[in-house]
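Participant: Sequence:
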Amino acid sequence: MCRNILTLLCLICMPLLMAGCTEVELASHLAKNIPGGPPQSEGTFKVGTPYKVEGKWYKPQETYSHTETGIASWYGSDFHGKKTANGEIFDMNELTAAHRTLQLPSLIRVTNLENGRSLIVRVNDRGPFKRGRVLDMSKKGAELLGFKNKGTAKVKIQLLSEESRAIAQAARRGQDTSGVEIAMNENRFDPRLQTGRASSGAPSASQSAPPRQVPIQPVEIQPQISAPPSAEVEVASVPGHTGSAGNFYPDPVVQQLPVSPTSIYVQAASFGDRSNAQRLAMNLQPFGQAKVYPAMVNGRQFYRVRFGPMGDVAQADALLERLAGGGHNEPIIVVD
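In this text, residue positions in the sequence shown follow our numbering: the first is 2, and each later residue adds one.
Hints should not be assumed to be uniformly reliable.
[To be verified] Derived CB-CB ranges, DEER-like: (1) 319 / 280: 38 to 46 Å; (2) 51 / 271: 14 to 22 Å; (3) 286 / 50: 36 to 44 Å; (4) 300 / 188: 32 to 40 Å; (5) 274 / 58: 38 to 46 Å; (6) 45 / 65: 33 to 41 Å; (7) 174 / 313: 39 to 47 Å; (8) 84 / 294: 38 to 46 Å; (9) 174 / 294: 26 to 34 Å; (10) 147 / 337: 16 to 24 Å.
[Said to hold, decoys possible] Computed list of lysine to aspartate or glutamate pairs in EDC-like fashion (alpha-carbon distance at most 16 Å, straight line): (11) 131 / 318; (12) 57 / 331; (13) 131 / 55; (14) 149 / 79; (15) 140 / 79; (16) 60 / 331; (17) 151 / 115.
For the record, the hints were derived by calculation from the structure and aren't laboratory data. In this text the structure is predicted, and so the values were computed from the model without any measurement. For every residue, glycine included, the Cβ atom is placed at its ideal position computed from N, Cα and C.
All chains, please: the whole structure from these sequences, using the hints.
Facilitator: Structure below.
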């Protein structure tokens with residue numbers, strides 16, 4: 002009798018257990034197949050605290066006036082899909098860069114001083130952490146600037162002041178700022194770059210006129226005049242790439258700017274007093290012929306202690322390593 006009761010209870014409960022298992026499996030399946038693909042790359046605004054790399058201290062700070070020259074490198078597959086310093090997901094096919102001290106995110110114009118190619122990228126990571134480098138470009142950025150195969154390039158970095166203020170506000174509001182750099186390179190309006198600050202008289206550009214609807218004009222696209230346009234546009238016919246969230250981004254327009262010949266120097270220090278510069282130059286003579294170069298910066302006189310011009314990046318790197326081995330961790334590579 003007891004055995005019959007147990008059998009009856011099992012028969013009653015079995016459908017309920019199976020239904021429960023089916024519901025769990027269905028929920029798991031739906032969780033793995035939520036539309037939208039990989040998680041969105043939504044970072045936050047970040048400045049960060051001072052940190053030390055290879056014996057040298059770096060102090061991140063929020064600034065909206067910054068220009069520098071130096072050697073840029075690039076990073077790609079080894080970091081693809083990993084988090085950046087401000088919490089985004091690094092995508093080597095996006096137009097981003099890593100900088101040691103600029104606030105994240107910020108917008109900069111990077112110009113290759115060797116070929117004149119120039120574009121706007123979004124800084125969303127810390128780096129580079131190799132001595133003698135000022136910027137780490139994404140793989141895509143290096144390709145468009147024309148130095149992916151070479152590995153490095155002499156570059157000029159210019160912080161875009163108002164645009165960086167606007168993107169900082171957007172990030173502070175919790176907005177996803179990815180792709181802003183694409184619109185800027187194509188000279189298109191992006192509503193995320195509205196500062197929201199009160200006007201002091203004259204209306205801002207975004208207030209005085211509606212945003213222009215500029216058609217996308219990717220680089221190196223030729224009009225197809227030999228055949229009538231089809232009803233459907235195939236994305237594959239437009240040069241571009243797919244981002245980590247599955248969105249298609251057309252390649253931006255790379256500007257071609259005039260550039261003058263430049264040289265590579267290893268700069269040991271810069272002083273406001275000539276005697277201090279001359280004293281350091283004498284102390285560094287065991288490492289090579291250090292010279293003092295006077296320079297006027299924003300109306301102030303400085304005296305730079307430099308080696309060079311150097312033959313190439315490899316020669317400058319070798320000298321940096323020798324100086325570091327002798328206890329001099331402050332020297333940097335500059336392009337002038």
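Participant: Looking back at the hints listed earlier, which ones does the structure fail to meet?
Facilitator: Violated hints (numbers, rising): 1, 5, 6, 9; every other hint is consistent with the structure.
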